[in-house]
Amino acid sequence: MAGEQKWDKVVRTTVWSAGAGCHGGCGAKLFVKDGKVMKVEGDEDHPWNQGRSCPRLLSLTQYMYHPDRVTYPLKRAGERGEGKWVRISWEEAFDTIVQRLTEIGDKYGRESVLFCQGTGRDIGGPISLLAYSYGSPNWVQFGLSGQSCYTPRLVAMFATMGDYAVADASQFLEKRYNDPQWTPPRCIIVWGQNPPPTCPDAFFGHWIVDCMKRGSQLIVVDPRVTWLASRGKYHLQIRPGTDGALALGMMNVIINEGLYDKDFVDKWTYGFDQLKERVQEYTPDNVAEITWIPKEDFIAAARFYATSKPAAIHWGMPIDMNPQATVVAQAISHLWCITGNVDIPGGNVIARPSHGVTAYPYSTAELERLYGQEFIKNILSRKIGASRYPMVRDFRHWAQPDLAVDQVLSGDPYPIKAAWIQTTNILGGQAADTRKHYEALKQLEFIVVVDLFHNPTSMAVADIFLPAATFAEKNSLRSWWTPLSALVKAVQVGECKSDWEINLELARRFNPKGVPWKDVKELFDSRLEVSGLTFDQLAEKGSWEMAREGHPSKPYRRYEKGLLRPDGKPGFSTSTGKLELWSKCYEGWGLDPLPYFEEPPESPVRTPELWEEYPLILVSGARSSVFFHSEHRMIPWLRELDPHPVVEINPQTARELNIEDGEWVYIESKRGQVKRKAKVTPIVPPWLVMAPHGWWLPETQGTEPYLFGIWDYNINQLIPTGCQSQSGYGGGAYKTMLCRITKIKEGRE
Amino acid sequence: MPRMGLLIDYEYCTGCHTCEVACKQEHNHPAGEWGIKVNENIVVRSQKVTIDYIPFPTECCDLCGHRTSQGLLPACVKHCQANCMMYGTIAELSKVMENKPKTVLFAPR
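In order, the protein sequences belong to chains A and B. Letter by letter, the first sequence follows residues 61 to 809 in my numbering. Letter by letter, the second sequence follows residues 59 to 167 in my numbering.
Keep in mind the hints are simulated off the structure, nothing from the lab. It should be emphasised that the depicted structure is a prediction, and the values quoted were computed from it without experimental measurement. No residue lacks a Cβ here, since even glycine has one placed at the ideal position from N, Cα and C. Among these hints, one or two may not hold up.
[As the list claims (entries may be wrong)] Chain A regions said to be covered by chain B (calculated; three or more residues, Cβ under 8 Å):
1) 111–123
2) 268–280
3) 698–707
4) 729–743
[As the list claims (entries may be wrong)] Calculated Cβ distances over 12 Å to all of chain B for the following chain A residues:
5) Glu101
6) Lys235
7) Ala360
8) Asp627
Sequences are here, hints too, so could you generate the full structure?
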């Protein structure tokens with residue numbers, strides 16, 4: 061591209077999924093000519109990424125203008141799975157959807173329609189608007205066993221602290237690392253995550269690297285030697301599914317050696333004595349035996365964490381995929397509570413939606429503010445899983461996914477007849493037991509898929525396909541912790557619409573009284589009212605604004621200043637006003653108020669006979685720098701960098717199995733087999749293999765029965781449903797199943 | 059005109075591929091062609107695994123002359139997520155190198 065090229069305009073906006081595919085937050089500059097985005101760069105004036113970018117964002121133009129992208133509404137012409145579609149108008153699409161969903165709702169009840177989301181885009185706001193305007197309580201991450209992504213960690217923090225918390229990399233401060241208020245963490249525990257390849261849960265992965273350069277030393281808890289693990293002061297190479305035992309063992313060391321913050325614990329926590337008693341069961345010897353981590357390693361790591369104030373913990377989804385994940389997350393959150401690393405610079409700081417604005421509702425309280433307390437209480441009590449799991453009933457909004465798929469198949473206690481699928485490629489992505497979900501979806505009478513490309517799910521089951529916009533093609537709003545941000549529309553592609561536009565139009569048709577806004581900007585302005593800004597004002601500021609000093613969404617030490625509780629008193633927003641190490645919430649939900657450890661459903665310890673037959677632990681889901689879950693396999697610049705569905709195997713294990721690097725192998729479990737290309741590498745231990753998730757091959761046949769290769773390559777076929785925690789949240793066994801590897805006899809594929 | 063180069067601090071390169079794709083976008087390289095390519099080096103020593111990444115500027119690297127002539131950084135340096143790449147004169151960069159181990163200096167042209 062020549063330097064003298066003139067742009068018609070350069071749009072400064074916020075990145076959030078579709079396109080870059082991620083949990084967003086970066087500032088981007090979009091260079092537009094003749095109504096097309098020609099180029100994208102990171103915005104150097106944005107405090108989040110400070111000009112940096114990732115491979116997925118830099119491939120934006122290949123994503124937006126890909127020849128396979130669906131850019132107008134479609135309806136199915138042949139049978140499901142035949143891949144025959146005809147173009148229709150938006151008007152016809154909306155009319156058909158309203159007519160069919162109204163018929164089904166009138167006949168079977170509004171709760172018979174599932175509103176399914178994945179993890180992408182700004183989906184939480186628009187899908188809740190649509191589901192609740194239609195009248196269904198069943199907003200669900202369909203397929204995600206145990207709702208095992210962030211929700212278990214969120215509920216543990218909510219129960220313990222009355223708030224959520226994140227590792228402080230200065231992200232709440234406009235001047236970032238140069239703000240004199242901030243101190244780098246002396247120690248960061250990176251627990252169950254590999255942040256550099258991807259930016260999880262409103263956290264730019266390379267902030268960890270920024271902190272390392274400023275002196276932070278790492279403790280990395282991971283069964284694999286990630287790049288961060290190879291740079292860590294301590295690497296705790298844990299057996300998957302035993303994180304709870306490790307957290308309890310570290311607390312055993314910290315409490316028994318008197319390394320906790322006694323003043324802080326006395327003043328600000330509740331239930332310390334009971335916790336102290338509970339951790340006595342988790343002696344270093346016991347914990348070493350459970351976790352397979354040498355005792356001296358985690359003892360030293362525990363001492364280092366406790367004596368290195370400020371210290372922060374940054375954690376990931378494997379925690380949610382532990383058995384009884386809600387107590388595992390609770391135990392880890394106790395570590396920052398007993399060491400007094402709460403809401404201090406460089407510690408774990410309380411994170412609230414910026415400016416108090418609700419864009420993607422995170423909590424029941426936010427939904428109540430938007431839709432009314434009575435309505436929300438009523439609708440949440442009717443969602444799937446609410447009667448079995450009090451925690452699921454009371455915390456957040458999602459129906460329980462394992463029960464949801466069972467209910468589709470059984471019709472008990474009430475029938476499920478339709479699905480609205482938006483931002484999720486269920487069969488190519490998050491669904492455990494893919495075949496079960498395939499069979500369940502096939503039974504439904506009517507299915508709408510809202511996406512950007514055809515994928516295995518849309519090919520298998522969609523009756524109507526609505527084309528969604530990338531972040532560059534839409535206005536939207538983001539308040540996920542910080543800063544308050546606007547997505548600013550730069551261009552239009554085909555007839556694509558944003559999820560907000562689609563859902564606002566349909567919500568209005570289902571419930572005209574509840575939807576007074578004439579367009580999405582008016583809706584955003586109403587959501588933004590508490591910030592004192594309009595959408596256009598926010599966009600004009602370069603698309604972001606940090607909360608002001610003294611606002612409850614701005615750190616630090618808010619518990620001392622009376623900024624956390626509704627009554628304005630110092631303390632935390634819990635019933636006791638303290639950090640509840642012995643959880644009154646958990647007790648109220650009929651659960652053990654203290655953390656404990658439970659073996660994974662399949663493991664060398666729990667099922668030794670199975671371990672003899674399947675002597676490897678199968679971990680799925682490690683992240684690639686160039687893909688977001690099941691997205692981006694069709695983007696040339698990205699696929700070239702990570703072309704094959706691989707399985708990582710340790711060299712010793714590969715030698716024993718006579719497998720060479722690059723050979724095709726089967727991963728076999730008692731649930732089936734998946735084909736992968738062996739990647740022989742010492743970054744995995746000999747007793748574990750890792751297979752990335754989300755694999756389908758868009759360059760192959762999409763029609764039935766092939767469905768872009770999911771039955772050959774999708775690793776989540778080997779993961780069962782039904783392993784959810786006693787609480788209903790967490791426990792999806794995506795990282796703890798047993799398998800064996802066999803060489804494909806016919807040779808290379 | 060002094061010779062210009064790229065300094066890579068491979069203590070911090072995470073192998074995220076940003077430089078490679080930034081270069082692709084800037085120069086519209088076709089498949090198989092790279093202006094910069096990340097190399098992975100995994101060493102096992104006394105059972106400790108160390109992973110290093112080093113981006114290597116290839117034959118196609120022109121140090122983004124069209125950008126630097128306008129006062130912009132080369133596309134790879136600008137976007138590097140680890141901030142582990144520097145652009146400058148060989149003289150400046152070699153001074154940085156004197157004080158920073160685990161660095162490598164390239165003079166592609």
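We went through each hint and held it up to the structure:
Beta-carbon proximity to chain B at under 8 Å applies to 8 residues in the stretch 111–123 of chain A; the threshold of 3 is reached and the given coverage holds. With 4 residues carrying a beta carbon less than 8 Å from a beta carbon of chain B, the stretch 268–280 of chain A meets the three-residue requirement, and the given coverage holds. Check on the stretch 698–707 of chain A: 3 of its residues sit with their Cβ under 8 Å from a Cβ of chain B, so the three-residue criterion for coverage holds. Counting residues of the stretch 729–743 of chain A whose C-beta sits closer than 8 Å to any C-beta of chain B gives 3, which meets the bar of three, so the coverage hint holds.
Against the 12 Å criterion, Glu101/A falls within the reach of chain B, whose nearest CB is about 7 Å from its own CB. Residue placement check: Lys235/A keeps its beta carbon more than 12 Å from all beta carbons of chain B (closest about 17 Å). Look at Ala360/A: its CB is around 15 Å from the nearest CB on chain B, clear of 12 Å, so calling it non-interface holds up. At the 12 Å boundary, the C-beta of Asp627/A stays outside the reach of chain B, the nearest C-beta of that chain being 43 Å off.
Checked against the numbered hints listed earlier, the structure breaks hint 5 alone; every other hint is satisfied.
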